[in-house]
Amino acid sequence: MKGSSSRLAFSLGFLVGACSIYFFLRQVWFERSYPVLTEAQERATAVSESPTSWRKEGAALINLLHPHHADEDSRLADVLYQKVRVLCWVMTGPYNLQSRARHVRATWSRHCNVVVFMSSVEDPDFPTVGLGTKEGRDQLYWKTIRAFHYVYEHHASEADWFLKADDDTFVVVDNLRWILSNHTPEEPIYFGKRFKPYTKQGYMSGGAGYVLSKEALKRFVEGFRTNVCTHTTPVEDLALGQCLEKMGVQAGDSRDTLHRETFHPFVPEHHLTGKFSKSFWYWSYCYYPIVEGPQCCSDLAVSFHYVEAELMYTLEYYTYHLRAFGYRPRYRPSVRQGLTPGPLSQTVVTAGLKAVQEVTDGRAHTTSASSLGGNKTKSETEPEKLGKDDLNSGVTENRTGVTQGRHR
Amino acid sequence: MLSEGGSFMKGMAMGGIFCLGLSLFGSFSPATEHGPGEHHHHHVKAPSKDELTRLSDGRVLELVNQVRVSCIIMVQPKILVYWATALDTWSKHCDKAVFYTSESSKALEAVDLNEKDDWARLRKALKHAYENAGDLRWFFVAKATTFAIIENLKHLVLAKDPEQPFYLGNAMKSGELEYVAYESGIVLSYEALKRLVNVLEDEEKCPERGHALWAMSEDKQLAVCLKYTGVFAENGEDSHGKGLFNSKSVDSLITDSMRDNPTNVVEGCCSDLAVTFNEMSPNQMQVMMFGVYRLRPYGHDFHDLLVFQPPEGSDND
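Taken in sequence, the protein lines are chains A and B.
Take 1 as the starting number for the first sequence in the numbering used here and just add one per residue.
Take 1001 as the starting number for the second sequence in the numbering used here and just add one per residue.
Calculated from the structure, these hints are not laboratory results.
Among the clues, some could well be false.
[Said to hold, decoys possible] No farther apart than 20 Å at their CA atoms in a straight line, the calculated lysine to aspartate or glutamate pairs in the EDC-like style are these: (1) B/Lys-1248 <-> A/Asp-71; (2) B/Lys-1248 <-> A/Glu-39; (3) B/Lys-1160 <-> A/Glu-39; (4) A/Lys-134 <-> A/Glu-122; (5) B/Lys-1049 <-> A/Glu-215; (6) B/Lys-1143 <-> B/Glu-1176; (7) B/Lys-1049 <-> A/Glu-122; (8) B/Lys-1227 <-> B/Asp-1260; (9) B/Lys-1124 <-> B/Glu-1203; (10) B/Lys-1106 <-> B/Asp-1088; (11) B/Lys-1248 <-> A/Glu-310; (12) B/Lys-1045 <-> A/Asp-71; (13) B/Lys-1045 <-> A/Glu-42; (14) B/Lys-1160 <-> B/Asp-1057.
Given only the sequences and the hints, what does the whole structure look like? Please build it.
Shown next as structure tokens:
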């Protein structure tokens, strides 16, 4: 009696054991999924290395190639590159070269005309300039003073504007050029994220980056030569702002034509989705009213701060690579006259407009009724609305490619 | 009692070992890692700029009408934040976006399918979308946890005929079955959806409760049903052969690229015209809206064949 019941128990256990192991294996092993290789992976097309576009001159990297995209028309950006020359100097240090400065060198700094990495110690390979200071927060203004003197001494003729950025600042240099194109390097002016306390005209946040005109740089150097400016405090951005104010350099308004900020002291996520607590210092520091949500930031944003290595590449991807095919942005500001690519494009503009008018009648159609949310994207053409801020007077853009294509 | 318990335990152990042994000896493994070269799977590539410029004006006019997308977005009250984010972000770019939920929520509107089973719910949603298709010919199915760039989806299917069966996305292979992964979005042409809706009636081929004793995930179930109608999963790629449907987030893909292509991180990462990303937080989705539709470098223009206008009543794009 006992024997058969334990035999029964044994067989039952055997069944249970076998089945549970089978099911388990099935889930974990047999049902495993593998992604189908893409054609690119199958052909094992190695990602080709970007061509070196730098010429090393001492401790500076002179940019030879303005980075280009295969399918894009960057004539306007090229004109701005020639006419609005920007030297970027990046505040870094020997312990941050591999963790931070390296990623700046690989991403946004490639869009500057010249880039110089400033450290306390010289490094001929990176390359960095050795400013002869120590490292640390209390050295920041010393480093800044020496850095600006260095670029004035060695590179004044190579650029019109001089940008200071940290090694955790991300800058969209093409958008910086758009802002600066409305001014001349002979104006005593500087731009950045404007703060208001401790000064009459405000000063620019150090972390968000700031840019001096050649005249402003001249006056900064002159201020130290005549002892009007001295090392007052290690708070680099405030001290610099106070010096420039004494030297008659104007604190500029860097906001876009819709009064949206372009220089940002935090990461995009913080500005776009964060709510700043009312007691946060930021509220009392900002010169212009803070806008929370999507209108915090211009489409033509110039800078973000506290950007770590990974985010540097992500922002480079978002800015220069990832896009929505055919999407015509809401904000399409114009550029100053005299900076348009040239007479050829003017005729293309008018011809394109006329052709668009002709094609529009044939192509316009309405979308079907939408069920939720606002109206949906319409895939149609429409005649260009000629407004000062809408139409890019320089280059034809995002227009029905059919007409465009026929004119190429 | 105790001795029976002991025998039971011994039996279980023996059974487990027996099963393991049997499967290890190979006669059991249907899932072989697919080797390169022995493939019959298909890639569907986006048109290149050259191909598009060669199209006639008349053809382009046809395409403008044809390439309109109906979005089928699967939600649940437990992912309310994602639901709200999808509503506020990418779904605005669909020609039509309908949200289907497992149970209704007081906070947001959706078609309440009143169905807890994932596969049954997907079936109902697809049927509903087909019956209400109107003149839309392309269908995009995604959960609210996915982020999609609909304009890039339109670019991918721009020159494809929706009267042909297309079933696209991030194609995966499990054993002999090739299917499109759910998390990176599923694209169906009108013809594919039509065939699917017909085969859904067939309890033999396409049962509501799967064949196996355990449930197969609903994206695999979908592939099985479609296979019976002669529709096979295809991998969506850009004109350079890079995958367009991503199961991971941008951050994750960039991190992978920093490890795999340290000298060319961004180029080695993701397509410029990527269609979907997954595993992104609602905040990251808002940042992606900014990154895709707004943030751009001044003076760099693309003269694309079609122009898509921004949706009305929106300011984050």
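Worksheet item: Does the structure keep B/Lys-1106 and B/Asp-1088 at a Cα separation of 20 Å or less?
Response: 17 Å, holds
Worksheet item: Holds or violated: B/Lys-1160 with A/Glu-39, Cα cutoff 20 Å?
Response: With a Cα-Cα distance of about 19 Å, the restraint between B/Lys-1160 and A/Glu-39 holds, given a limit of 20 Å.
Discussion item. Need the status of pair A/Lys-134, A/Glu-122: alpha-carbon distance at most 20 Å?
Written reply: OK: A/Lys-134 and A/Glu-122 at ~12 Å, within 20 Å.
Worksheet item: Is the Cα-Cα distance between B/Lys-1160 and B/Asp-1057 20 Å or less?
Response: 17 Å, holds
Discussion item. Can you confirm whether the C-alpha distance between B/Lys-1049 and A/Glu-122 stays at or below 20 Å?
Written reply: Given pair B/Lys-1049, A/Glu-122 is violated - Cα atoms ~47 Å apart, limit 20 Å.
Fill in: Satisfaction of hint between A/Asp-71 and B/Lys-1045, Cα-Cα up to 20 Å
With a Cα-Cα distance of about 17 Å, the restraint between B/Lys-1045 and A/Asp-71 holds, given a limit of 20 Å.
Worksheet item: Do the alpha carbons of B/Lys-1049 and A/Glu-215 lie within 20 Å of each other, as the hint requires?
Response: Violated. B/Lys-1049 to A/Glu-215 sits at ~45 Å, over the 20 Å cutoff.
Discussion item. So if I understand the rule, the pair passes when the alpha-carbon distance is 20 Å or less; does B/Lys-1248 with A/Glu-39 pass?
Written reply: 19 Å, holds
Fill in: Pair hint B/Lys-1124 and B/Glu-1203, alpha-carbon separation not exceeding 20 Å
15 Å, holds
Worksheet item: Between B/Lys-1143 and B/Glu-1176, does the CA-CA distance stay at or below 20 Å?
Response: Answer violated: B/Lys-1143 to B/Glu-1176 is near 26 Å, above 20 Å.
Worksheet item: Does A/Asp-71 lie within 20 Å of B/Lys-1248 when you go C-alpha to C-alpha?
Response: 26 Å, violated
Practice prompt. Would you mind confirming whether the straight-line C-alpha gap from B/Lys-1227 to B/Asp-1260 stays at or under 20 Å?
Written response: 36 Å, violated
When held up to the earlier numbered hints, the structure conflicts with 1, 5, 6, 7, 8 and fits the remainder.
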